[in-house]
Amino acid sequence: MTNMPSPATRSATSAAGRNDVVIDARDLVVGYRKLREKIELTALRDVNLQIRRGEFICIVGPSGCGKTTFINVVAGLVKPWQGTMHVNGTPVKGPGPDRAMVFQDYALMPWRTVQENVEFGLEFVKHDLSKQQLADRVAHYLDLVGLKGFEKSFPYELSGGMKQRVGIARALVCEPEILLADEPFGAVDAMTREGMQAELERIIAETGQTVVLITHSIDEAITLADRVVVVSHRPGRIREVVEVDLPRPRFEYDIKANERYHELREHVWDLLKGEAFGAATEGEA
Amino acid sequence: MSATVEPKTVAPGDGGPLNGPERTFRYSPINYLRRYGAAGLVLLNLTCFFILWELFARAEVVSPLFLPRASDMFRTLFEGLSPGGIILQHVFYSMRMFSIGMLAAAAVGIPIGLLMGASKVMDSIFSPYVWAMAALPRVALMPLLILILGFSDSAKFTLIFLSAIFPIIINCMAGVKTVDQSLVRAGQVFGASKTDLYRKVIFPFTLPFIISGVNQGMTRGLVGLVIAEIFGGNKGLGYLTTRAAQSFNPALLYAVLLVLVVFSLGFVQIVKIIETKAAPWRNYGS
Ligand SMILES: Nc1ncnc2c1ncn2[C@@H]1O[C@H](COP(=O)(O)OP(=O)(O)OP(=O)(O)O)[C@@H](O)[C@H]1O
Ligand SMILES: [Mg+2]
Chain B
9 MTNMPSPATR
19 SATSAAGRND
29 VVIDARDLVV
39 GYRKLREKIE
49 LTALRDVNLQ
59 IRRGEFICIV
69 GPSGCGKTTF
79 INVVAGLVKP
89 WQGTMHVNGT
99 PVKGPGPDRA
109 MVFQDYALMP
119 WRTVQENVEF
129 GLEFVKHDLS
139 KQQLADRVAH
149 YLDLVGLKGF
159 EKSFPYELSG
169 GMKQRVGIAR
179 ALVCEPEILL
189 ADEPFGAVDA
199 MTREGMQAEL
209 ERIIAETGQT
219 VVLITHSIDE
229 AITLADRVVV
239 VSHRPGRIRE
249 VVEVDLPRPR
259 FEYDIKANER
269 YHELREHVWD
279 LLKGEAFGAA
289 TEGEA
Chain W
9 MSATVEPKTV
19 APGDGGPLNG
29 PERTFRYSPI
39 NYLRRYGAAG
49 LVLLNLTCFF
59 ILWELFARAE
69 VVSPLFLPRA
79 SDMFRTLFEG
89 LSPGGIILQH
99 VFYSMRMFSI
109 GMLAAAAVGI
119 PIGLLMGASK
129 VMDSIFSPYV
139 WAMAALPRVA
149 LMPLLILILG
159 FSDSAKFTLI
169 FLSAIFPIII
179 NCMAGVKTVD
189 QSLVRAGQVF
199 GASKTDLYRK
209 VIFPFTLPFI
219 ISGVNQGMTR
229 GLVGLVIAEI
239 FGGNKGLGYL
249 TTRAAQSFNP
259 ALLYAVLLVL
269 VVFSLGFVQI
279 VKIIETKAAP
289 WRNYGS
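Line order of the protein sequences matches chains B and W. Read in order, the letters of the first sequence are residues 9 to 293 in this note's numbering. Read in order, the letters of the second sequence are residues 9 to 294 in this note's numbering.
Note that these hints are calculated values from the structure, not bench results. Don't take every hint at face value.
[Stated by the list, open to error] Keeping only pairs whose Cα atoms sit at most 30 Å apart, straight-line, the calculated DSBU-like set for lysine-lysine is: (1) Lys139/B - Lys285/W; (2) Lys128/W - Lys42/B; (3) Lys280/W - Lys185/W; (4) Lys202/W - Lys160/B; (5) Lys87/B - Lys185/W; (6) Lys202/W - Lys42/B; (7) Lys202/W - Lys101/B; (8) Lys185/W - Lys202/W; (9) Lys87/B - Lys202/W; (10) Lys185/W - Lys128/W; (11) Lys101/B - Lys87/B.
My request is simple: use the sequences and hints to build the entire structure.
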């Protein structure tokens with residue numbers, strides 16, 4: 009037990025900007041007004057979270073606890089009822105080119121081919137890429153998610169996992185400063201998932217992107233994250249933020265052979281188990 | 009038993025070796041039969057129908073005034089449709105009226121429908137009139153139109169226009185209103201401006217609704233056309249049906265009805281072709 013690895017830090021190059029906060033949520037209360045039922049539903053409550061540049065954050069929590077709501081606030085799609093959300097020091101007023109998102113429901117344009125869907129990611133932002141460079145970049149990310157050869161397919165011709173990967177490529181092609189990913193690997197098989205997780209870790213290490221990734225898989229959260237945010241059942245509160253002090257790159261050694269991995273896994277599992285029971289007794293409102 | 013299983017979707021015995029995930033395949037006679045067999049059946053069915061009709065008419069079970077022989081009808085049809093024939097000029101007239109009316113209905117209806125779907129203000133301004141007019145049987149307007157416009161082309165044109173425009177408006181509006189919100193969110197996240205959203209997300213999403221609105225509008229417009237022509241004037245297929253009936257010419261009457269069927273099916277088919285060209289992603293499975 010003495011060869012426990014020291015807390016991981018990312019490559020020295022990004023160490024300079026390492027401690028500035030990119031995403032800063034303070035006292036967030038977010039909810040939805042349901043006009044038909046005349047009720048206001050609180051989805052998130054008292055959320056305080058500071059995310060540093062280059063950090064990889066995974067959010068786990070029971071279904072319906074407000075995870076998607078949280079990254080929608082970061083993305084500027086949902087306005088908080090109370091509290092503030094700052095990205096790069098300025099209050100979030102709406103979406104911006106510094107943030108890209110992988111959607112839980114894919115949100116692909118059915119009238120566009122795979123290629124055109126990925127191009128959508130760069131269609132409305134100013135960039136100085138030539139036509140050829142753009143095509144190369146799109147091809148690069150399509151290759152990365154394993155969809156080479158499907159460029160001309162329409163979404164209805166793809167499996168669920170393939171659609172999801174188009175969504176991932178569309179977000180990655182923007183090479184955003186902040187990548188928001190809502191269960192990006194939920195529909196892909198275990199092997200493809202692991203390959204893509206490794207790829208993601210490699211890209212992030214290269215680009216120093218900040219990532220907020222939602223997942224239902226504790227293993228995925230611990231394998232990928234610098235910190236795992238555990239959210240309680242609705243209305244979502246941050247139950248605990250778990251530091252994952254495992255060395256990187258995590259796909260270059262057998263992380264599951266590491267005892268610390270299992271400790272962390274156990275810990276997150278216990279936290280979630282409490283939440284799942286809590287949610288069960290509360291029932292669906 | 010380890011027999012290799014041929015994929016069901018590929019006709020056995022043709023195409024290349026199955027070593028990649030894809031291969032091309034050629035049609036076998038069975039494939040051709042599956043694909044075109046239905047058309048053959050329809051042809052056979054219709055032939056039988058017309059033969060029975062002919063026999064039935066020859067037996068004079070019903071008065072020949074009500075039911076002409078199929079052969080007489082076809083003869084009248086071919087003579088009428090040959091250059092200088094009596095049906096042809098009326099077909100051209102009706103087609104012209106119908107096309108102009110439809111084009112105008114689409115040109116006015118599509119923007120109004122899209123606007124109503126996009127803006128609550130526009131919706132509340134237009135919707136009482138749209139729904140009232142959509143609910144009113146359009147035929148009831150004909151006496152009023154004749155009163156105002158006389159037995160003129162403009163009265164007919166107006167009735168076609170009013171018959172066709174409301175399904176178009178309502179479908180366009182529904183299309184915009186039901187636009188998939190997660191697609192809109194995707195547009196916003198990737199930096200689409202309001203105009204971009206309309207051009208690149210909402211409009212393409214609505215396109216199939218627009219086409220189906222135009223399709224419904226055409227069926228209604230055709231009703232409007234025939235009614236307007238029956239009401240007055242001395243031109244068009246509708247007029248020809250009344251004239252044939254009044255001059256006790258059942259062969260001509262039935263021939264005109266057949267022309268109307270083909271006319272209507274033809275326009276619907278054109279829209280279908282436009283739809284497959286404009287919205288190929290909607291051809292799930294076919
Ligand atoms: N547009 C909306 N209108 C009303 N209520 C909403 C809306 N979107 C989400 N909610 C509610 O807010 C709560 C949180 O939803 P959210 O989508 O953030 O959950 P989640 O944590 O992402 O769940 P899951 O893991 O199932 O995706 C849910 O109870 C849901 O009913
Ligand atoms: Mg969610």
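Taking the hints in turn, this is what the structure says about them:
Of the pairs offered as hints, the one joining lysine 139/B and lysine 285/W holds, with about 26 Å between alpha carbons and a cut-off of 30 Å not exceeded. The hinted pair formed by lysine 128/W and lysine 42/B meets the criterion: a straight-line CA distance of about 19 Å does not exceed 30 Å. Restraint check: the Cα-Cα separation between lysine 280/W and lysine 185/W comes to about 23 Å, which is no more than 30 Å; the hinted pair holds. Between lysine 202/W and lysine 160/B, the direct Cα distance comes to roughly 28 Å. Compliance with the 30 Å bound is thereby established for this hinted pair.
The straight-line distance between the Cα atoms of lysine 87/B and lysine 185/W is roughly 22 Å, inside the 30 Å bound, and the hint therefore holds. Taking the CA atoms of lysine 202/W and lysine 42/B, the gap is about 25 Å. The hint holds against a cut of 30 Å. Proximity of lysine 202/W to lysine 101/B is assessed by CA-CA distance (about 15 Å); at most 30 Å being required, the pair is judged to hold. A hinted pair counts as satisfied when its Cα atoms are at most 30 Å apart, and lysine 185/W with lysine 202/W qualifies at roughly 16 Å.
A C-alpha spacing of about 18 Å is found between lysine 87/B and lysine 202/W, which places the hinted pair at or below 30 Å, so the restraint holds. With a C-alpha separation of about 10 Å, the suggested pair lysine 185/W and lysine 128/W falls inside the 30 Å cut-off, and the hint holds. Restraint check: the Cα-Cα separation between lysine 101/B and lysine 87/B comes to about 8 Å, which is no more than 30 Å; the hinted pair holds.
Going down the numbered hints, you'll see the structure goes against none, and every one checks out.
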